[in-house]
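Produce the complete structure using the sequences and hints provided.
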Amino acid sequence: MIRFEHVSKTYPNGTVALSDVGFSVAAGTIHAICGENGAGKSTLMKILSGLELPSAGSISINGEPVRPDSPRAAAALGIGMVHQHFSLIGSLTVTENILLGQEPRRGPFVDRAKARARVLDLAARYSLDVDPDAKLATLSVAAQQKVEILKALSRDTRILILDEPTAVLSPPETEELFRRLVALRESGLTILFISHKLKEVRALAQQVTTLRAGRVSGDAPMSAISDDEIARLVMGEAGTSAIVRPEPQSAEARITVRGLTLRARDANDRLDAIDLAIRPGEILGIAGVDGSGQRGLVKVLTGACQPDAGMIAWDGKSVAGANTGALRRRGLAHLPADRFRDGGSRRLTLTENALAGAHRNYRFGPLLKPRAMIETTRGIIDRFAVRCPGPLAPLGALSGGNAQKIIAAREFGSNPRFLIVDQPTRGIDVAAANFIQDQIVALARSGCAVLLLSADLDELLRLSTRIVVLYAGRIVASLPNDPELTPARLGPFMLGLEVAA
Amino acid sequence: MIDLLGLVPAILRVSTPLILAGLGVHVSSRAGVLNIGIEGMMLAGALAGVVISALTQNAWLGLVAALLAGAVLAALLSVAIHLLRADLVLSGIALNMAALAGTTLALFALTGDKGISSSLPSLTLPMVRLPLIDDIPILGPLLSGHNVLTYAGLLAVPLVAILVNRTPLGLAMRAVGENPEAAAATGVPVLRVQVTALLISGLFAGAAGAFLSMGYVSWFSQNMTAGRGFIALAADVMGFGYAWGTMAAALLLGTTEAITLSLQGFGVPSELLQAIPYLVPVLAMVIHARRRKRREAH
Amino acid sequence: MIRNALAETALTLAIVFVVVALVLVPLAMTQADPVGVVTTFLFGPFKSIRHIGNIIELATPSMFCGLAVALILRAGMFNLGVEGAFFLGGLGTVAAALILPLPGPWLAPAALLAGAVIGSSVCVVPGVLRARYGASELVSSLMLNFAALFIGLYVLNVWLRDPAAGAMVSFKIPADARLPRLIEGTRIHIGVLLALAACGLGALYLFRTAGGFESRIAGANPSFAAHLGLDVARIGLRAQILGGLIAAFGGGIEMLGLYQRFSWQALPGNGWTGVTVAILARDHPALVIPAALFLGWLQVGGDLVARNFDIPNEAVGLMQALLLVTVTAAALTRNPRLLRAFGARSPGAAR
Amino acid sequence: SEPKKIVFLVNGNLGDKSYFDLGALGMNQIKAKYGDAVETKVIEMGTDQTKWLATFQDASEGDWDVIVGCTFEISDIMVEIAPQYPDKTYILIDGVVPFDEGKFGNVYSVTFKQNEGSYLAGILAAGLIADGTIPADWGKSIGFLGGMDIPVINDFLVGYIEGARSVTPDIKVAIAYAGSFNDAAKGKELALAQYRGGTAIGFNVAGLTGLGQLAAAKEAGRLALGVNSDQEAIFKDSDPEMASKVASSMLKKVDVTLLRAFDLYIAGTLPVGQTESIGLKEDAVGLVETGNMATLAKDPLKARIAAAKAGIVDGSITVSSGFVVSQADLNTLRDSVRP
Ligand SMILES: Nc1ncnc2c1ncn2[C@@H]1O[C@H](COP(=O)(O)OP(=O)(O)OP(=O)(O)O)[C@@H](O)[C@H]1O
Ligand SMILES: Nc1ncnc2c1ncn2[C@@H]1O[C@H](COP(=O)(O)OP(=O)(O)OP(=O)(O)O)[C@@H](O)[C@H]1O
Ligand SMILES: [Mg+2]
Ligand SMILES: [Mg+2]
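Protein chains in written order, with my numbering: chain A, 1 to 501; chain B, 502 to 799; chain C, 800 to 1150; chain D, 1151 to 1489.
Mixed in with the good hints, there may be bad ones.
List of simulated lysine-lysine pairs, DSS-like, C-alpha gap at most 30 Å [said to hold, decoys possible]:
no. : chain 1 : residue 1 : chain 2 : residue 2
1   : C       : 971       : D       : 1253
2   : D       : 1155      : D       : 1201
3   : C       : 971       : D       : 1238
4   : D       : 1238      : D       : 1201
5   : D       : 1459      : D       : 1386
6   : D       : 1431      : D       : 1183
7   : D       : 1290      : D       : 1386
8   : D       : 1191      : D       : 1253
9   : D       : 1181      : D       : 1431
10  : D       : 1181      : D       : 1201
11  : A       : 135       : A       : 299
12  : D       : 1201      : C       : 971
13  : D       : 1155      : C       : 846
14  : D       : 1201      : D       : 1191
15  : D       : 1322      : D       : 1183
16  : D       : 1431      : D       : 1459
17  : C       : 846       : D       : 1290
18  : D       : 1459      : D       : 1322
19  : D       : 1238      : C       : 846
20  : B       : 794       : A       : 299
21  : D       : 1431      : D       : 1452
22  : A       : 135       : B       : 794
23  : C       : 846       : D       : 1191
24  : D       : 1290      : D       : 1238
25  : D       : 1201      : C       : 846
26  : D       : 1154      : D       : 1181
Keep in mind the hints are simulated off the structure, nothing from the lab.
Dropping the structure here:
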């Protein structure tokens, strides 16, 4: 139904994102597209959805050549896209976001009642539950994801593109989404699905196309291809190292949290009498549906805000009132969930992003030593296999996964005594994810206390020594990570159906 | 000595250009374009109104010309920032320079005088007596009998609020102003929305200029806006993104100005009096920001 | 890299020529000597040492103000108090030079220091209000510029006014405090060296010191800075203090270098020029120097044309405004095709 | 012979309706009178003071014979430039150079006694109230709207007050300064505030700002006095109603003075190396007596003004100057007339 023929794309800055890509997508199927970070997946989808124009090549739908030159034109062709980075407006309501550009009118005005009804109708039709009147910025990421999907479906959509839609969803939410997608396919939609998670691809797709460095490296029906083969097509060679989980190295907790309470304005951030203890060498995993208080917990532990009650101690000594700077000087490191908002600056160079914070170590008298900084960064680029033009390129020129590696390298490289990692591998290809996970484990092994927050239960179960489940700002379970612990066992706690604290 | 009867109309007069221009800044700011060139647009509007009303002997046509002149300059700014992709702030500054030079030049070409259009028989916009209110004893003279643009400015506040909050265009403006990439990905025609907002901004600027040259006085004189555009920029920022807020800020600015004007001659050195209208808004902003900060802390 | 930078410069110059041709040539045609008009504009400023001197005289305060604005913008602040700081710095310096009972060689440095501290308040107060209460520094600095003007005029009128002079001007600045001239036949004074040094130091600070780096981090992305544990409010305030000091120092230099007495009755506008310079220089302290010289050339060339021909200076002003827009027009200066035509290598090939 | 070349360097912009415009008018009159025997030019130097010296230097380097500048601000520049170019002739209007230093044999300076003209304006304003020409319910005080609180403006003020006091010793004068010379709207607002406070007739000395007073007079139905040029004439055709509110204007005849100086220069009798202070006696300042004044003022008042003028000319009346009065005395004076 959709045919890509000889599609190439060179960005104005000279990056060749796609070269001579050609394959077809059958109508009424879910078609997966896999590839490592920066392989060109998003670029190809942006071309289909009218956000970018191809430098060469053509696309046809049902045999008709098409050349969508704006999202509007693509929508007219029945193409809707859920973007990897949401295209939502924080200060608008859910309804306004979903219907932006196609509002029902009454005279010159937006017909608010009708708009609201339409959103409720959409939500019911696709069983995606949203509050039509909520301001978007107050929603959890998962809820925003639903809004983004509803938005894509709100225009008479026949081709739905999902660019890593599950990266921010918890497993129950992912399952729910998959059921919807299957239903959508059955109702005749064609779905293009991008994911780094092979399990998901296997569960959903009928066909998979793999991209490597902008070229098609494989295209096969799911039934005719093994996971290993996909991994090989994506990365050139397969290989996942087995992880040996670290063990706590002392009985003394490095970080102790008692009765921690945060009465934030945003309900998603609230905390209610949290108790935690993290020992050196231990990775404490935090599970929970997005918006269960994780963000508040991270804010308080990183000194971004002060709790309303309770205490935090490092090595038994209270750090009440300490701000981020003070905690960092004690040995805090933090890999944030939102890498571009908090983790770095697109405008600054890779060197500057990689060494910000540590820059005071690179001083000669009052001056910084740029050479030494660049050299260190070169080392990071090599060690973390960052695909980039060089250490002086702006961070914005990197694909998201590669940017994530630079930011991780900075945080891991500061010799932390307490490391908070928040969704460390979200949106990252398998090889890079393995690499980052290895680094986390290695840090723990060297005696760092690690707090791991992840929406990816497999990741939590792979890395954590213990897992604590948050629900509505409270700890509902604290479980040792033994072989009996499975995603299925965690599910009820995460949804607040069971409590075992 | 300060008589309320005289002061209220004075406040309205002083505030009117600030409200009109402030709304202009507000509209374009909501769409993400800080209209530094508002001063120049006002100046162009002031001149166009005078010239056309003199030529046609019709004040309304003069007003229309003023609005259009503001919009034309807004279109020029749009060409600079959208077509040529020049720096927004610098383009605004350049537009102000160009408008000052251009209006002087045009005035010279038309009248042989660089300073004032007094040789043109231009008209003024009428004062409006509000039918019923006019008869109320004290309130009547306070609320009635102002320039038509004063009422237009006040009336425009809810209209702008509705435009921004209730119409598809307003929705698109807010989306574009907050996150142009996301809006573009959704299919909002970012360019068209910004150009429209800028043109509306130009219309308001033209009206503000017309008020000066066809309401306050009945002529155009060189650089007669005297920095009011910049005060309007401040009014918009002080309004925290709301049309009503912009109006409140403009009224605050106008009130301090009007009061200090009528305080002249009481022995306070005039320079110090002239500083007050610039200090009070800062104070007001600090108090407001402090209250907000305290509120947010809880 | 260098090749591309050269191409960019060549393209910018070409744009200048085209705009001049488009605007000035038709104007020149109305004159008896059209060629003279164009060459006077383009090359007149370089024809005599005095006119070159004029460019540099004009560029000196622009460098200080441009540098101040660049440092403030880089830290993510939008403080327009540079205008008021320049004014008050000039007044403060003159006041100090008149009041301080210091021996000759100490007078100028002491006066400049005092002026810098006094003048910087116009930037510092909005900075503090921003850091402490979150009040928009854009608005408060815009307002305080005017407040500084009128309060300054009051001070001038009451304490510094020379009653023997027939206008509201201060007493004459003592000869000891005047800055030495550098080049015979021009009014270029030692202030230009200080301005150049300031820009150099500014670049060094911004790109080679920890403090400057932190300032750029906070400016590029405040939540990133917060994530790193940097005190964003303090960094912003530091930049505004620094910018205020530099601008006010520039005002003092201008007074001691070119004036006989303090005689400003209105804001002199150098701060606005500073905004223009900083934008032209893309907030880079080193590029502030060529940007300021460019504006100086534009001014002197325009003045020469207006002075020597029957072309109103408003027409020249229009052309200058157009030039400002076009030299920052990314659609022209960043156009890959145009750049290639001027010898740039395509970025893809460079990789 | 070669035409004589004269250039007028404006330290600001034309269009001020004050001496820049009047100076330019004088230049036109010179051109009209001498035709091809002269070459004239007016150059606007703008408001950036650092450019002024450079421009004077350029003009002096050029082949101009006579270089004209005005306002006190130009004095210091002439001090620096004139000795460097002894074969040029400089005319300085409204400013002086220290002639006693002996270096300025090529500078002719002329200052205006605007206080004398303002004295007459004061008599007129107070007289119109005193003799009942102005209805009593308009108020009893007179107004003064200045551009800035600076000596040259206060020179007008001092003369104005003295003149008014000579009619009504306890006259009240509402005084305001706009802080700007181009903000007509602000001028109108200030004048309206004065009219509201019981000012029957106001005197504006504030350039384009001051014209706002005329709009205020029209709106409030009061009277105004113009300055420098005939402000009734400015609006006579375009807005007769407003023009009818201009009781008179105090003239400062920069144009006449400039033409006269050039006449003397051509005749070789220009008194260079010294300063002339010209006022009523030289007919360099004065009141517009045609127009509204002719019909408005009653004969006794006209006679009174004529007498005062004669007194000033023959020296029996001396008017204080705003240039020499100290700030403290000025404040006392202003306080003493406050309504
Ligand atoms: N607008 C752009 N300008 C320049 N280069 C770009 C742009 N967008 C993407 N690229 C580059 O093009 C290449 C392909 O990027 P793309 O986003 O398509 O990768 P991806 O397959 O989606 O990767 P990921 O798995 O990280 O999402 C990358 O090298 C990226 O840096
Ligand atoms: N104008 C640009 N110039 C240079 N690089 C760009 C530009 N626009 C985007 N990029 C880079 O190209 C990458 C591709 O953009 P895209 O929006 O597809 O995200 P992505 O690579 O898929 O992100 P993720 O890492 O989450 O997979 C972005 O990560 C961004 O860093
Ligand atoms: Mg992608
Ligand atoms: Mg990517």
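Checked hints:
1. C:971 to D:1253: Holds, at roughly 19 Å.
2. D:1155 to D:1201: Satisfied, since the Cα-Cα distance of roughly 22 Å is no more than 30 Å.
3. C:971 to D:1238: 26 Å, holds
4. D:1238 to D:1201: 20 Å, holds
5. D:1459 to D:1386: 27 Å, holds
6. D:1431 to D:1183: Holds, because 24 Å separates the two Cα atoms, which is no more than 30 Å.
7. D:1290 to D:1386: 27 Å, holds
8. D:1191 to D:1253: Given pair residue 1191 (chain D), residue 1253 (chain D) holds - Cα atoms ~27 Å apart, limit 30 Å.
9. D:1181 to D:1431: With a Cα-Cα distance of about 26 Å, the restraint between residue 1181 (chain D) and residue 1431 (chain D) holds, given a limit of 30 Å.
10. D:1181 to D:1201: Roughly 27 Å separates the two Cα atoms, so the pair holds.
11. A:135 to A:299: 22 Å, holds
12. D:1201 to C:971: 19 Å, holds
13. D:1155 to C:846: 24 Å, holds
14. D:1201 to D:1191: 18 Å, holds
15. D:1322 to D:1183: 46 Å, violated
16. D:1431 to D:1459: 8 Å, holds
17. C:846 to D:1290: 64 Å, violated
18. D:1459 to D:1322: 23 Å, holds
19. D:1238 to C:846: Between residue 1238 (chain D) and residue 846 (chain C) the Cα gap is close to 23 Å, so the pair holds against 30 Å.
20. B:794 to A:299: Holds, because 19 Å separates the two Cα atoms, which is no more than 30 Å.
21. D:1431 to D:1452: 18 Å, holds
22. A:135 to B:794: It holds: about 21 Å lies between the C-alpha atoms, which stays within 30 Å.
23. C:846 to D:1191: 23 Å, holds
24. D:1290 to D:1238: 53 Å, violated
25. D:1201 to C:846: 18 Å, holds
26. D:1154 to D:1181: Holds: residue 1154 (chain D) and residue 1181 (chain D) sit about 11 Å apart, inside 30 Å.
Going down the numbered hints, you'll see the structure goes against 15, 17, 24, while the others check out.
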